[in-house]
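Using the sequences and the hints, build the whole thing.
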Amino acid sequence: MKRFTIVVLLLLFVISLSSVFAQSRKPQIELFGGVAIPLAPDGFKDYYKMGFSGHGQYVIFPSPKLGVSFGAAYEKFTFDGDKLLEDFGLAGLGLDVTGSASVIELGVGLRPYLTPVESNTQMFLFGMGTYNFIKSEATISYQGLEESYSDDLNKFGLAAGAGLELPAGTSMNIILQGVFRFIFTSDEEMGGTTQFVGITAGLAF
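Letter 153 of the sequence shown, counting from 1, is numbered 153 in this note's numbering, and no numbers are missing.
Fair warning: there could be bad hints in the mix.
[Claimed, not checked] Ranges between beta-carbon positions, derived for each pair:
1) 42 to 125: 25 to 35 Å
2) 121 to 90: 46 to 56 Å
3) 78 to 154: 15 to 25 Å
4) 186 to 114: 31 to 41 Å
5) 187 to 162: 24 to 34 Å
6) 121 to 160: 19 to 29 Å
7) 96 to 152: 18 to 28 Å
8) 42 to 114: 30 to 40 Å
9) 150 to 91: 18 to 28 Å
[Stated by the list, open to error] Each computed DSSO-like pair below joins lysine-lysine, with the alpha-carbon atoms no more than 27 Å apart:
10) 83 to 135
11) 49 to 76
12) 45 to 76
13) 155 to 76
14) 76 to 135
15) 155 to 49
16) 135 to 49
Calculated from the structure, these hints are not laboratory results.
Each residue gets a CB set at the ideal place from its N, CA and C atoms; glycine is no exception.
Structure follows, in structure tokens:
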């Protein structure tokens with residue numbers, strides 16, 4: 001965590017210097033939400049349902065075609081206990097399995113714009129380094145007895161994607177984007193690198 005904090009502080013310093021001399025577009029606040037789809041590893045992809053994704057970002061522009069974002073995100077996935085019991089031949093025995101997994105992400109990233117500055121609709125790419133707080137919980141119930149489990153992990157990750165920014169008035173834009181997220185969990189912890197894709201829409205002010 002200390003290393004991540006140092007990196008963020010250094011980036012803030014560099015960005016503050018560049019923005020003093022070069023900024024030609026005002027900063028913007030972005031809020032958006034959508035769905036998150038598990039991709040890997042198999043235990044995550046097979047036994048967690050499509051989740052919710054919510055994001056907030058503050059973006060500054062060292063140049064008209066480059067944004068630097070400081071963001072936070074939250075995703076939550078519900079465990080599919082019925083599918084697990086069916087796959088292991090335990091359905092109909094009175095067992096009940098419930099659970100969830102959530103991720104809080106803090107990140108710093110770059111957003112290059114591909115379209116001309118004067119274009120109404122802007123297309124962009126982005127990449128982000130993230131630090132992720134992962135929490136998972138599960139409860140197994142059988143004939144009135146319950147056994148609960150929880151685990152917490154803190155891991156670095158990466159995010160990459162693309163999006164569109166469309167005008168929605170004089171002081172507001174609509175943002176549509178898709179993002180692949182990678183969290184560097186180990187084979188022992190999660191069965192491999194945790195991966196999911198987010199599809200979101202929101203507003204920039």
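Do the hints match the structure? See the list:
At about 29 Å, the CB distance of residue 42 to residue 125 agrees with the hint of 25 to 35 Å. Judged by the Cβ atoms, the range 46 to 56 Å given for residue 121 and residue 90 holds: they are separated by roughly 52 Å. With their beta carbons about 22 Å apart, residue 78 and residue 154 fall inside the hinted range of 15 to 25 Å. Judged by the Cβ atoms, the range 31 to 41 Å given for residue 186 and residue 114 holds: they are separated by roughly 36 Å.
Taking 24 to 34 Å as the suggested C-beta distance range, the pair residue 187 and residue 162 conforms, at roughly 30 Å. For residue 121 paired with residue 160, a C-beta distance near 21 Å keeps the hint of 19 to 29 Å intact. For the hinted restraint 18 to 28 Å between residue 96 and residue 152, the CB-CB distance of approximately 24 Å keeps it satisfied. Restraint check, residue 42 to residue 114: a C-beta distance of roughly 35 Å satisfies the suggested window 30 to 40 Å.
Restraint check, residue 150 to residue 91: a C-beta distance of roughly 25 Å satisfies the suggested window 18 to 28 Å. Proximity of residue 83 to residue 135 is assessed by CA-CA distance (about 21 Å); at most 27 Å being required, the pair is judged to hold. Between residue 49 and residue 76, the direct Cα distance comes to roughly 10 Å. Compliance with the 27 Å bound is thereby established for this hinted pair. For the hint linking residue 45 to residue 76, the alpha-carbon distance of about 14 Å falls within 27 Å, and the restraint holds.
Between residue 155 and residue 76 the CA atoms are separated by roughly 16 Å; this keeps the pair inside 27 Å, and the hint holds. Distance hint between residue 76 and residue 135 is fulfilled; the C-alpha atoms sit about 9 Å from each other, no more than 27 Å. Between residue 155 and residue 49 the alpha-carbon distance is near 22 Å, which keeps this suggested pair within the 27 Å criterion. Among the hinted pairs, residue 135 with residue 49 is consistent with the structure: their alpha-carbon atoms are about 16 Å apart, no more than 27 Å.
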